[in-house]
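Chemist: Here is how the chains run, residue by residue.
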Amino acid sequence: MSALPDALAKARALATERRLRTRALSSWIGWAASALAFGLLALALLDILYVVFRRGFSALNWQLFVTPTSGTAGGLLNAIEGSALLTFGALLLAVPVGVLGGIFVSEFNRDPFARTVRFVADVLVGVPSIVFGLFGYLTMVTTLDWHFSLAAGCITLAMMIAPYILRTTELAMRGVPAELREAGYALGASQANLVARVLLRECAPRVLTGILLAMAISMGETAPLIYTVNWSNYYWSGHLTHEPVAYLTYVIWSFINEPFTAAHALAYAAALLITLFVLAITLLARLSINRLAVRRAP
Amino acid sequence: MRTSDALFRTTVTAVAALIPLILLALLAFLVHDSWPALRFNGFHFLTRNAWNLGNQYGDPVTVHGELVMPGASFAILFLIVGTLASSLIALLLAVPLGIGAAVFLAEAVPPRIRTYASLLVELLASVPSVVFGLWGYVLLIPLLARHVYPHLAHWFGFIPFFGAPSGSGYGLLTAGIVLALMCVPLIAANLREAIESTPQALREAGLAVGATRFEVVRKIVLPRLRLPLIGVSTLALGRALGETMAVLMISGNALNILPQNVYSPISTMASFMVSQLDSALQDPTNMAVHSISEIGLALLLLSLVVNAMARLLVPRDLGA
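Heads up: the protein sequence lines correspond to chains V and X, in order. To convert, note that position 283 of the first sequence is 284 in the working numbering; the numbers rise steadily by one, no gaps. To convert, note that position 291 of the second sequence is 579 in the working numbering; the numbers rise steadily by one, no gaps.
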């Protein structure tokens with residue numbers, strides 16, 4: 002009599018067990034796949050760093066830091082100088098625009114124009130850098146007749162990073178608790194005073210993070226500079242226009258295609274320097290300043 | 289309103305107005321400078337494979353009211369195909385990789401070391417494009433061409449576009465792989481934050497009805513994030529479309545040919561603009577430069593559409 006239900010129950014138990022096992026197995030496969038995805042990406046980063054560091058360090062020597070390039074040999078001092086000048090110039094122009102613009106978008110966020118500015122800044126962050134380069138070429142290099150020059154490069158880079166700084170500043174400002182604003186107004190502070198003395202000071206680490214990341218972006222750029230700055234084997238002579246300057250990323254792109262070992266060594270050394278700079282800046286922005294912000298919080 | 293407040297407001301508004309002005313200036317100058325090319329090339333610019341500077345030693349002739357070198361024609365179908373194909377391959381690789389890495393970081397890595405583990409993925413975004421190009425050139429291309437693509441073509445040749453010849457390593461799939469690595473941090477970082485901000489109660493509810501931890505992620509956490517994922521993938525697509533230096537160094541820089549399979553050399557709109565600048569400057573009629581401007585204009589419009597779509601899809605603050 003009870004043989005049939007018994008067999009049924011046993012079969013059901015077996016099926017349940019099998020289903021549990023399948024589910025456990027598919028969960029395990031899922032974790033393994035996600036670990037594999039992470040592992041692949043980490044491996045790619047580590048391999049890029051390994052290639053750049055190993056080849057770059059073996060190409061480093063003292064001459065690189067004291068002599069300019071000559072043809073496809075020599076040192077890198079002119080390129081280091083040029084990269085520093087371009088980045089500094091771009092930041093000089095973009096930081097005021099980005100920070101003040103970010104203040105506008107965050108403090109007047111009900112204003113429809115502020116929403117427009119935010120949307121346009123978002124879209125501009127995604128516009129390919131080569132398009133900015135072409136714009137710089139058409140306007141400054143040819144129409145204004147500045148030729149390939151430091152000024153054209155700085156302005157082009159500044160146009161690229163200003164929207165980025167605007168957005169990071171806005172997000173930083175919006176992270177400040179509303180109570181601080183209310184307290185400031187209750188004490189009778191003017192808006193300019195409140196922003197400068199309270200809000201900006203409160204979110205300074207995060208604003209600085211955005212500026213540092215923008216600095217890393219402009220240091221690593223190549224394509225827009227090919228269109229606006231070109232290349233030079235000499236040190237900067239002090240002219241803002243009518244004279245091309247050197248920069249590190251050009252060395253990487255151009256010298257690696259030369260058939261000479263000396264040129265390759267320069268390309269690897271330039272890649273090492275740029276990668277070190279950019280990684281150091283990014284790590285500084287991500288780790289230490291975030292920690293600073295946490296420590297400041299009550 | 290106090291005078292100081294009014295002054296403050298006027299100042300920051302005026303400075304912020306520079307940002308829309310940048311966009312308007314980009315559009316105005318690119319349209320202005322590509323106007324002769326728009327007239328000369330017409331609609332065929334987008335539908336044919338014919339980038340040809342013409343006879344540089346001949347006397348300029350007038351076509352459609354524009355002065356050009358004899359035999360010159362400018363059409364970029366191969367660039368459009370190369371750009372879209374490499375970006376789509378990049379996206380097909382980057383989305384699963386990004387989801388996997390985000391799930392791993394948010395759910396499997398202990399919070400204590402999560403910041404550092406995330407850096408291993410997110411630092412990929414800070415590596416300059418030209419360094420990706422260098423890595424692709426000296427390491428990835430020899431590796432793929434010798435040890436991967438021949439086997440891929442042999443074993444998976446039955447899949448359309450995967451058959452032999454497996455090429456030199458410079459080409460569509462290599463460009464797609466490197467582009468995927470470049471835009472995956474954007475996807476992984478945003479998705480990780482979204483996963484972390486999923487309400488704990490939902491997870492507990494899933495575990496309470498007997499789901500395994502992975503089933504909670506797959507069936508409860510991830511389905512809620514479909515819209516953010518689409519938005520951030522669109523954003524990543526925008527990045528891939530405009531990537532220049534890395535693609536220039538590894539794509540093979542094909543001219544006037546469409547890719548035959550995934551190993552074929554290609555060129556993209558952005559990389560072509562750099563590789564052709566020098567020769568375009570030689571054109572005495574300037575039509576080559578005008579046509580490069582037209583490529584730039586097309587690229588600008590494409591990226592505006594893609595990025596605007598991404599922002600409208602996801603009203604949250606991604607990517608900044």
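Simulated from the structure, these hints should not be mistaken for laboratory data. Be aware that one or more of the hints could be misleading.
Have a look at the derived ranges for each label pair, beta carbon to beta carbon [unchecked claim]:
| no. | chain 1 | residue 1 | chain 2 | residue 2 | range |
| --- | --- | --- | --- | --- | --- |
| 1 | V | D112 | X | V319 | 45 to 55 Å |
| 2 | X | A489 | V | E183 | 26 to 36 Å |
| 3 | V | F114 | X | D566 | 21 to 31 Å |
| 4 | X | K507 | V | N258 | 45 to 55 Å |
| 5 | X | L309 | V | Y236 | 33 to 43 Å |
| 6 | X | T335 | V | F89 | 12 to 22 Å |
| 7 | V | A25 | X | F331 | 21 to 31 Å |
| 8 | V | L93 | X | W323 | 31 to 41 Å |
| 9 | X | S485 | V | Y236 | 17 to 27 Å |
| 10 | X | L376 | V | T23 | 29 to 39 Å |
| 11 | X | P398 | V | R24 | 19 to 29 Å |
Ideal Cβ positions, reconstructed from N, Cα and C, are used throughout, including at glycine.
Chemist: Each hint needs a verdict: does it hold in this structure or not?
Modeler: Comparing the hints with the structure gives:
no. : hint                         : result
1   : D112/V to V319/X: 45 to 55 Å : violated (29 Å)
2   : A489/X to E183/V: 26 to 36 Å : holds (32 Å)
3   : F114/V to D566/X: 21 to 31 Å : violated (42 Å)
4   : K507/X to N258/V: 45 to 55 Å : holds (51 Å)
5   : L309/X to Y236/V: 33 to 43 Å : holds (35 Å)
6   : T335/X to F89/V: 12 to 22 Å  : violated (46 Å)
7   : A25/V to F331/X: 21 to 31 Å  : violated (59 Å)
8   : L93/V to W323/X: 31 to 41 Å  : holds (34 Å)
9   : S485/X to Y236/V: 17 to 27 Å : violated (51 Å)
10  : L376/X to T23/V: 29 to 39 Å  : holds (34 Å)
11  : P398/X to R24/V: 19 to 29 Å  : holds (25 Å)
Going through the hint list in order, the structure does not satisfy hints 1, 3, 6, 7, 9.
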